[in-house]
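**Q** Chain by chain, the residues run as shown.
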Amino acid sequence: MNFFILSIIKAAVVASVLLTTLAYLQWVERKVIAHIQVRLGPSRVGPHGLLQPLADVIKLITKEDLIPPYVNKFIYLLAPFLAVTMALISISVIPFGGEIQVLGQRTWLQLTDLNIGLLFILAISSMGVYGVALAGWASNNKYALLGGLRSSAQMISYELPLSLAIVSPLLLSNTLSLRQIVDTQSGSILHWNILRFPAPQIVSFLVFMIAAFAETNRVPFDLPEAENELVAGFHTEYSSMKFAAFFMAEYANMVTVSCITATLFLGGWQPLFPAAWGSNFVPAAVFAAGGLVAIYHGLNPARRRDRLTLPIVGVIFLAIAALFLIPLLQQALIPLFWFAAKVGVILFVFIWIRGTLPRFRYDQLMGFAWKVLFPIALINLLVTGLLVALS
Amino acid sequence: MDVILFLIFAIIAVVCGINVVVQTHPISSALSLIGVMGSLAVLYLLLGAEFIAMAQIIVYAGAIMVLFIFVIMLLNAGAESKKGRSFVAQLLGMPLLVAFLALVSYFIQRLFPATPLVQFGAFKSGTAQNIGRALFTQYLLPFEVTSILILIAILGAIVLARKELE
Chain G
1 MNFFILSIIK
11 AAVVASVLLT
21 TLAYLQWVER
31 KVIAHIQVRL
41 GPSRVGPHGL
51 LQPLADVIKL
61 ITKEDLIPPY
71 VNKFIYLLAP
81 FLAVTMALIS
91 ISVIPFGGEI
101 QVLGQRTWLQ
111 LTDLNIGLLF
121 ILAISSMGVY
131 GVALAGWASN
141 NKYALLGGLR
151 SSAQMISYEL
161 PLSLAIVSPL
171 LLSNTLSLRQ
181 IVDTQSGSIL
191 HWNILRFPAP
201 QIVSFLVFMI
211 AAFAETNRVP
221 FDLPEAENEL
231 VAGFHTEYSS
241 MKFAAFFMAE
251 YANMVTVSCI
261 TATLFLGGWQ
271 PLFPAAWGSN
281 FVPAAVFAAG
291 GLVAIYHGLN
301 PARRRDRLTL
311 PIVGVIFLAI
321 AALFLIPLLQ
331 QALIPLFWFA
341 AKVGVILFVF
351 IWIRGTLPRF
361 RYDQLMGFAW
371 KVLFPIALIN
381 LLVTGLLVAL
391 S
Chain C
1 MDVILFLIFA
11 IIAVVCGINV
21 VVQTHPISSA
31 LSLIGVMGSL
41 AVLYLLLGAE
51 FIAMAQIIVY
61 AGAIMVLFIF
71 VIMLLNAGAE
81 SKKGRSFVAQ
91 LLGMPLLVAF
101 LALVSYFIQR
111 LFPATPLVQF
121 GAFKSGTAQN
131 IGRALFTQYL
141 LPFEVTSILI
151 LIAILGAIVL
161 ARKELE
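Chain order of the listed sequences is G and C.
At the far end of the first sequence sits residue 391, using this note's numbering, and the numbering has no gaps.
At the far end of the second sequence sits residue 166, using this note's numbering, and the numbering has no gaps.
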């Protein structure tokens with residue numbers, strides 16, 4: 001019974017954190033891209049536009065929910081549901097931290113650990129293509145159909161290098177369970193699969209990242225929704241919450257892929273260097289430094305209102321830093337900090353690339369997958385297998 | 001619990017299977033087939049064959065059926081028309097099907113000895129390690145032969161496609 005209650009609590013916490021992250025990821029993306037393009041980005045709703053996600057949600061919910069005539073109604077309604085479900089499920093096998101003890105209960109910072117965790121993720125992500133493909137077909141719109149076709153062709157093609165790139169780190173970790181994959185990478189950065197002896201997985205990391213960009217339909221591979229050719233691609237005919245579902249699915253896929261990258265290649269929640277060298281104090285130091293900078297600028301304000309706001313922000317940061325020093329909370333907070341830091345960096349790369357690179361042409365996209373990425377992943381797999389067998 | 005789950009997913013599988021035949025539109029049939037594959041995967045999972053279950057979803061539901069749907073979408077196949085079926089087939093189809101199924105089940109009952117009942121969760125060796133070991137030791141030759149067969153099929157497809165281009 002305890003297990004049941006504990007699982008429900010964990011699922012509720014993970015779900016609410018994930019959904020909040022999704023909402024704010026969009027704000028971060030708009031802000032970062034705005035700064036890349038020398039704009040301000042959202043700045044009207046709340047300080048620095050921080051309440052923008054809330055406003056967007058209200059806007060999307062209250063918009064007219066339109067079902068166009070001549071669509072295949074069942075599939076038209078099924079598609080966004082499918083897309084968002086498949087995007088959210090994968091988070092359930094991601095490990096966020098080690099075993100912790102709360103009120104006498106021992107539990108893992110992970111919803112569930114499957115022996116076949118990685119295969120489960122592959123299965124779910126291969127089902128994700130249905131949402132997009134069916135949405136394109138059911139909309140009864142040529143642009144949507146073309147978007148759906150492009151997307152399914154692209155996702156089938158890039159699934160091959162993606163899976164091959166996943167296999168190489170598995171050879172090093174020798175297990176399919178994500179918890180054990182993280183455990184085998186404990187130690188320091190030199191034990192992470194990306195740099196691990198005897199076969200550093202830098203190549204497979206790059207292949208995985210590129211294929212992941214294509215799988216999540218992100219720039220420079222966002223051909224399924226290329227607005228200058230296809231209006232909005234597969235979700236042209238969707239409005240209100242059904243459009244929001246596709247939007248959410250895209251961001252959820254981004255978060256999932258970043259979590260998998262962090263787990264497979266970057267050591268999951270393992271710290272950068274061992275706790276014996278003081279890695280437990282890094283989170284507190286980072287937040288304290290942030291707080292001190294904010295307080296310093298509050299004392300030498302550039303604008304009048306900074307005199308009030310920046311010291312408050314600084315004190316909040318110092319309080320967070322103090323939380324990281326409480327031994328009871330440390331066991332949960334420190335793995336979470338490292339995991340969130342790695343995922344955050346990868347997500348930032350996603351956004352950075354969107355702000356930097358132009359879109360591929362469609363033949364370039366397919367040629368790249370089959371003629372470049374696939375052979376590289378295959379050769380890397382052979383080399384890794386050889387090195388692991390030899391050592 | 002296992003039995004309840006089995007019943008739920010067995011019923012879903014059968015209903016989806018019937019739906020594949022009943023639906024007139026190819027996309028609906030393909031979707032029902034995905035339902036069959038998915039519920040079969042859950043049944044495998046209940047029996048302890050976790051690797052097979054995931055392979056079922058990755059290969060059948062995730063790859064083969066996506067290609068099916070892709071082709072249906074590409075050809076823009078419409079709903080099939082119910083006209084033009086012979087009167088004899090309409091009249092005799094159902095009774096003949098029932099008679100055939102009865103015969104098959106009768107012979108299966110007669111020819112095969114009664115086996116002990118399947119126990120849910122009793123089978124423990126469906127892990128990826130066990131299957132990998134079996135594939136690369138005991139069944140190495142069939143495994144390699146199958147892979148060469150698939151390679152030949154790929155080459156054949158390329159040759160046919162090239163001929164089309166020229």
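Be careful, since some hints might not be right.
Below, simulated EDC-like cross-link-like pairs (lysine to aspartate or glutamate); rule was C-alpha separation at most 20 Å, straight line [what the hints assert, rightly or not]:
hint, chain 1, residue 1, chain 2, residue 2
1, G, Lys73, C, Glu80
2, G, Lys142, G, Glu229
3, G, Lys10, G, Asp65
4, G, Lys59, G, Glu99
5, G, Lys10, G, Asp113
6, C, Lys124, G, Asp113
Quick caveat, the hints were computed from the structure, so don't treat them as lab data.
Nothing here was measured: the structure is a model prediction, and the numbers come from that model.
**Q** Look at each hint and say if it fits the structure.
**A** Hints, verified against the model:
{"no.": "1", "hint": "Lys73(G) <-> Glu80(C)", "in the structure": "19 Å, holds"}
{"no.": "2", "hint": "Lys142(G) <-> Glu229(G)", "in the structure": "11 Å, holds"}
{"no.": "3", "hint": "Lys10(G) <-> Asp65(G)", "in the structure": "33 Å, violated"}
{"no.": "4", "hint": "Lys59(G) <-> Glu99(G)", "in the structure": "41 Å, violated"}
{"no.": "5", "hint": "Lys10(G) <-> Asp113(G)", "in the structure": "13 Å, holds"}
{"no.": "6", "hint": "Lys124(C) <-> Asp113(G)", "in the structure": "17 Å, holds"}
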